Amino acid sequence: MRLGQRISQLFSSGTTDGTLADLEDALIEGDVGTRLSSEIVDQLRNEPGIRSSSESAILELLKHKLEPFAVAYDLRFDSGDLNVVLVLGVNGVGKTTTIARLAKFYMPEFGPDRLLLCAGDTFRAAAAEQLEIHAQRLGVRIVMQPQGADAGSVVFDAIESSQAKDQALVLVDTAGRMHNKADLMSELAKIDRIIRSHTQESHYHKMLVVDATTGQNGLRQAEVFHNAIGVDSLCIAKFDSSGKAGTALAIKRDLGIPVSFVGTGETYESLEAFDAGAYLEALLG
Numbered sequence: 059m060r061l062g063q064r065i066s067q068l069f070s071s072g073t074t075d076g077t078l079a080d081l082e083d084a085l086i087e088g089d090v091g092t093r094l095s096s097e098i099v100d101q102l103r104n105e106p107g108i109r110s111s112s113e114s115a116i117l118e119l120l121k122h123k124l125e126p127f128a129v130a131y132d133l134r135f136d137s138g139d140l141n142v143v144l145v146l147g148v149n150g151v152g153k154t155t156t157i158a159r160l161a162k163f164y165m166p167e168f169g170p171d172r173l174l175l176c177a178g179d180t181f182r183a184a185a186a187e188q189l190e191i192h193a194q195r196l197g198v199r200i201v202m203q204p205q206g207a208d209a210g211s212v213v214f215d216a217i218e219s220s221q222a223k224d225q226a227l228v229l230v231d232t233a234g235r236m237h238n239k240a241d242l243m244s245e246l247a248k249i250d251r252i253i254r255s256h257t258q259e260s261h262y263h264k265m266l267v268v269d270a271t272t273g274q275n276g277l278r279q280a281e282v283f284h285n286a287i288g289v290d291s292l293c294i295a296k297f298d299s300s301g302k303a304g305t306a307l308a309i310k311r312d313l314g315i316p317v318s319f320v321g322t323g324e325t326y327e328s329l330e331a332f333d334a335g336a337y338l339e340a341l342l343g
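At position 130 of the sequence shown the residue is numbered 188 (the working numbering), and the sequence of numbers has no breaks.
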């Protein structure tokens, strides 16, 4: 049952302290996060006339309370200079597919000749080859090295190559192994230093891909990556699934990270700029 349906059932017979407590449980189960759910329900308890409000009025009030945590990031680039997007996330979350979709999304702005994919995941078997297939299908260049190569050197080569060829946007894949976080974070810190030393700060963006179905694991993943090198925005993958990524609200509340994109299907075109209003409708509708 979707969160909105459960909330409607809770308040169909009126509002009591018990239904407000059940609402807190429903929000937590909807991945909105323990702290944010508690704060929102405490605010509702103190709303004048809350116990005589209709079910629809409570849903609208809840949506209003959640709006500050559903924040869109409008990711734009300077077409006259080099821009780098470092795509982060755990294994299996959809980073490689997201990179291909980002290339397709920005193709009208830059054209294929000014886009470059960088296979910075040199740890996972066949990761570079998978990205290479996307590059061939999209008609864009890719910089890659054999599995086991130093990821930092791949990123360095990609930036140098893009500057030599006057390309405008480099999309960098990264490893996502979480069973050895120390090695992963050390590698990411090195990549981060390389990009910072060759790119203007305003033209460098770190995007974390979070699976909409992953629940509160998404918050824990965001904490790990954000503490390591900082995260500028989220991309919510599998947004078309039954999970509607309530965890994005918890991530915004705890870490201040907004959302730039959502993945909505299986094709290269299945990437949309985040719409906060549509997101809340999907979450609560």
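There may be inaccurate statements among the hints.
What the hints assert, rightly or not - Result set (DSS-like, lysine-lysine): computed pairs, CA atoms no more than 30 Å apart in a straight line:
1. Lys296 / Lys123
2. Lys248 / Lys223
3. Lys162 / Lys123
4. Lys296 / Lys162
5. Lys296 / Lys223
6. Lys121 / Lys248
7. Lys223 / Lys121
Keep in mind the hints are simulated off the structure, nothing from the lab. Remember, predicted model here, so these are calculated numbers, not experimental data.
A quick look at each hint next to the structure:
no.: 1; hint: Lys296 / Lys123; verdict: holds (25 Å)
no.: 2; hint: Lys248 / Lys223; verdict: holds (24 Å)
no.: 3; hint: Lys162 / Lys123; verdict: violated (35 Å)
no.: 4; hint: Lys296 / Lys162; verdict: holds (17 Å)
no.: 5; hint: Lys296 / Lys223; verdict: violated (34 Å)
no.: 6; hint: Lys121 / Lys248; verdict: violated (41 Å)
no.: 7; hint: Lys223 / Lys121; verdict: violated (48 Å)
Of the numbered hints stated above, those contradicted by the structure are hints 3, 5, 6 and 7, listed in ascending order.
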